[in-house]
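Asker: Please take these sequences and the hints and turn them into a complete structure.
Numbering (the UniProt record's numbering), first residue to last: 1 to 473.
Simulated from the structure, these hints should not be mistaken for laboratory data. Incorrect hints may appear among the rest.
Said to hold, decoys possible - List of simulated lysine to aspartate or glutamate pairs, EDC-like, C-alpha gap at most 16 Å:
hint	residue 1	residue 2
1	LYS261	ASP364
2	LYS438	GLU289
3	LYS140	GLU166
4	LYS362	ASP167
5	LYS262	ASP368
6	LYS261	ASP15
7	LYS140	GLU289
8	LYS135	GLU289
9	LYS396	GLU436
10	LYS438	GLU448
11	LYS396	GLU377
12	LYS261	GLU166
13	LYS333	ASP407
14	LYS333	GLU403
15	LYS362	GLU448
16	LYS325	GLU307
17	LYS262	ASP306
18	LYS262	GLU307
19	LYS362	GLU429
20	LYS262	ASP364
21	LYS135	ASP223
22	LYS262	GLU227
23	LYS140	ASP167
24	LYS396	GLU374
25	LYS362	GLU436
26	LYS362	ASP434
27	LYS261	GLU307
28	LYS124	ASP157
29	LYS262	GLU448
30	LYS438	ASP364
31	LYS261	ASP306
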Amino acid sequence: MEKGLRRGIVRFERDQFKNFERPLVQEYPLELIVNERPLATLISSPHQLNFLIMGFLRLQGFISSMDEVLSLGVCADFGSARVQVRGAIPERLKPTLTSGCGTGITFNLARTLRPRTETVSAEKFSPAAVFQLMKDLARKAESYASHGGIHSAAVGDGVRLMLFAEDLGRHNTLDRIAGEALFRGIDLAGRILVTSGRISTEMVAKAAFLGIALIASRTSPTDKAIELAEQAGITLVGYVRGETFEVYSHAARLAPGVPDKKIAGITGVILAGGESRRMGCDKSLLPVEGARFIDHIYRRLSALFDEVIIVTNSPSLYQDIPCRKVPDIYYAKGALAGIHSGLCHARHERIFAVACDMPFLKPDVIRDLCAHAEQGEVVIPQSPRGPEPLHALYHKNCLPAIEQVLDQGRKRIVAFFPAVQVHEVALAELAQHDAEGKSFRNINTPEEYFQCRTGQHTDQPGELPQVLQKQQS
1 MEKGLRRGIV RFERDQFKNF ERPLVQEYPL ELIVNERPLA TLISSPHQLN
51 FLIMGFLRLQ GFISSMDEVL SLGVCADFGS ARVQVRGAIP ERLKPTLTSG
101 CGTGITFNLA RTLRPRTETV SAEKFSPAAV FQLMKDLARK AESYASHGGI
151 HSAAVGDGVR LMLFAEDLGR HNTLDRIAGE ALFRGIDLAG RILVTSGRIS
201 TEMVAKAAFL GIALIASRTS PTDKAIELAE QAGITLVGYV RGETFEVYSH
251 AARLAPGVPD KKIAGITGVI LAGGESRRMG CDKSLLPVEG ARFIDHIYRR
301 LSALFDEVII VTNSPSLYQD IPCRKVPDIY YAKGALAGIH SGLCHARHER
351 IFAVACDMPF LKPDVIRDLC AHAEQGEVVI PQSPRGPEPL HALYHKNCLP
401 AIEQVLDQGR KRIVAFFPAV QVHEVALAEL AQHDAEGKSF RNINTPEEYF
451 QCRTGQHTDQ PGELPQVLQK QQS
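Answerer: Laid out in structure tokens, this is it:
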């Protein structure tokens with residue numbers, strides 16, 4: 001990355017667009033002239049070009065040792081290199097080697113980068129459509145997840161995934177999608193393209209040729225890709241991770257949805273003080289769909305409540321989350337002590353308490369539950385497994401009964417229920433928002449975490465990410 005090469009972009013985070021400046025990865029085209037003949041245009045980073053040239057000539061079979069190189073000159077300012085080698089170079093060669101994996105070739109870079117002249121669709125897309133299509137791509141890309149060397153791409157219409165392809169080279173994935181669309185008579189104009197790889201000029205040029213309106217990737221685009229996207233009228237989105245992304249061109253095509261009104265009189269409380277014995281590491285830090293469990297939970301609760309609190313005895317783990325972190329008042333007394341602490345510290349009379357290992361919360365389920373707030377001092381949902389005390393509402397009136405139970409050395413959450421008014425919300429009512437009960441799904445073991453990441457139910461033993469395995473050693 002070249003120092004000083006930066007770009008003003010628009011960052012979307014927590015339902016807001018903000019101006020932001022980001023350093024760019026530079027894409028450098030180098031014309032290679034061998035024995036006075038143009039041989040290729042190499043797309044690369046602009047450093048140590050002599051190594052790049054020699055490695056290319058060797059791997060293409062033009063030289064086998066430095067003894068065969070008579071001279072080498074590089075003019076970085078003009079993007080040109082001249083080499084004299086012993087022997088003749090084959091006739092009729094002028095490829096462009098792309099920046100993708102493998103050796104992609106185009107025989108005329110200038111012609112390839114010329115986008116089609118038709119106006120790109122002016123249709124607007126919601127940020128939710130981008131996030132959903134990227135999640136759909138991740139679920140489909142099983143080979144990428146297992147091998148780490150396979151790129152994937154998908155095209156969608158803002159509602160559903162239409163076409164999907166995998167290949168060793170990221171540019172090949174778009175070629176495959178274009179071919180399948182041709183066979184099936186699918187017009188790709190005005191669609192969204194999501195890709196696992198970096199967005200370069202070749203990717204933008206091919207997308208422009210197809211009439212793609214928006215390209216999104218989990219990583220950043222190159223500087224030349226941004227320039228071409230600006231010219232072609234394509235919205236370029238990078239760093240799509242969790243529920244955050246960055247827009248590098250034509251941000252006006254993205255329109256954030258109108259946020260729902262927040263729930264009044266209730267504080268969202270995340271219980272992050274558990275010991276995670278069965279998992280073997282801190283469950284709140286486990287990654288899924290581009291973010292930690294606790295990040296997913298916080299984003300959902302912050303969209304629903306005007307106050308969110310994390311109950312934790314390790315606040316430094318969550319210093320990047322902009323909310324209050326409070327400790328247990330009854331130390332090491334389990335989840336009941338976390339509920340007690342949340343009630344004591346909350347500004348509002350009621351709290352919605354949720355465990356840190358429940359990353360698939362459904363906002364509509366929570367809203368429905370909160371609609372019953374006046375019907376009990378504890379409002380608890382029924383799931384297929386029974387009552388869910390770690391996905392429930394609690395009133396400050398419960399504090400004396402909770403403290404009495406904790407003073408007796410008891411830790412079960414339901415132990416204080418006989419002393420307060422409890423209202424149960426039936427499974428049938430909540431099922432209309434979450435038929436599979438995902439909102440209540442907590443991840444306790446490596447096996448459950450494996451199923452959570454793959455979206456599969458299996459008896460195979462799960463495996464934690466290496467960074468989290470280190471916590472156990």
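Asker: Work down the list of hints and note, for each, if the structure agrees.
Answerer: Here is what the structure says about each hint:
Simply put, LYS261 and ASP364 have alpha-carbon atoms about 12 Å apart, close enough for the 16 Å limit, and the pair holds. Between the alpha carbons of LYS438 and GLU289 the distance comes to roughly 15 Å, so the proposed pair stays at or under 16 Å and holds. Of the pairs offered as hints, the one joining LYS140 and GLU166 holds, with about 9 Å between alpha carbons and a cut-off of 16 Å not exceeded. Our distance criterion of 16 Å between C-alpha atoms is broken by LYS362 and ASP167, whose separation comes to about 34 Å.
The hinted pair formed by LYS262 and ASP368 meets the criterion: a straight-line CA distance of about 13 Å does not exceed 16 Å. Annotation: proposed proximity of LYS261 to ASP15 holds, straight-line Cα distance about 13 Å (limit 16 Å). Proximity of LYS140 to GLU289 is assessed by CA-CA distance (about 13 Å); at most 16 Å being required, the pair is judged to hold. Distance restraint check for LYS135 and GLU289: the Cα-Cα separation of roughly 7 Å lies within the 16 Å cut-off, and the hinted pair is therefore satisfied.
A C-alpha spacing of about 32 Å is found between LYS396 and GLU436, which places the hinted pair above 16 Å, so the restraint is violated. About 13 Å separates the Cα atoms of LYS438 and GLU448, which keeps this hinted pair within 16 Å; it holds. Between LYS396 and GLU377, the direct Cα distance comes to roughly 8 Å. Compliance with the 16 Å bound is thereby established for this hinted pair. For the given pair, LYS261 sits about 41 Å from GLU166 by alpha-carbon distance, which is inconsistent with the 16 Å threshold.
A C-alpha spacing of about 10 Å is found between LYS333 and ASP407, which places the hinted pair at or below 16 Å, so the restraint holds. With a C-alpha separation of about 11 Å, the suggested pair LYS333 and GLU403 falls inside the 16 Å cut-off, and the hint holds. For a cut-off of 16 Å, the pair hint linking LYS362 to GLU448 is broken: about 19 Å separates their Cα positions. Taken as a hint, the LYS325 and GLU307 pair is honoured in the structure, with Cα atoms around 12 Å apart against an allowance of 16 Å.
Our distance criterion of 16 Å between C-alpha atoms is met by LYS262 and ASP306, whose separation comes to about 7 Å. Note on LYS262 and GLU307: the hinted pairing holds, with a Cα-Cα distance of about 10 Å set against a maximum of 16 Å. Among the hinted pairs, LYS362 with GLU429 is consistent with the structure: their alpha-carbon atoms are about 14 Å apart, no more than 16 Å. For the given pair, LYS262 sits about 12 Å from ASP364 by alpha-carbon distance, which is consistent with the 16 Å threshold.
Only pairs whose Cα atoms come within 16 Å are accepted, and LYS135 paired with ASP223 is rejected, the gap being roughly 26 Å. The suggested pairing of LYS262 with GLU227 is violated, with an alpha-carbon distance near 40 Å, which exceeds 16 Å. For the hint linking LYS140 to ASP167, the alpha-carbon distance of about 13 Å falls within 16 Å, and the restraint holds. At most 16 Å may separate the alpha-carbon atoms for a hinted pair to count; LYS396 and GLU374 meet this at roughly 13 Å.
The suggested pairing of LYS362 with GLU436 holds, with an alpha-carbon distance near 11 Å, which does not exceed 16 Å. About 7 Å separates the Cα atoms of LYS362 and ASP434, which keeps this hinted pair within 16 Å; it holds. Pair hint LYS261 plus GLU307 holds up; C-alpha atoms about 14 Å apart against a cutoff of 16 Å. Under the criterion of a C-alpha separation no larger than 16 Å, the hint pairing LYS124 with ASP157 is consistent with the structure, at around 11 Å.
In summary, the hint linking LYS262 to GLU448 is not supported, as the alpha carbons are separated by about 32 Å, beyond the 16 Å threshold. Distance check on the hinted pair: LYS438 and ASP364 sit about 12 Å apart at the alpha-carbon level, within 16 Å; holds. With a C-alpha separation of about 10 Å, the suggested pair LYS261 and ASP306 falls inside the 16 Å cut-off, and the hint holds.
Of the numbered hints stated above, those contradicted by the structure are hints 4, 9, 12, 15, 21, 22, 29, listed in ascending order.
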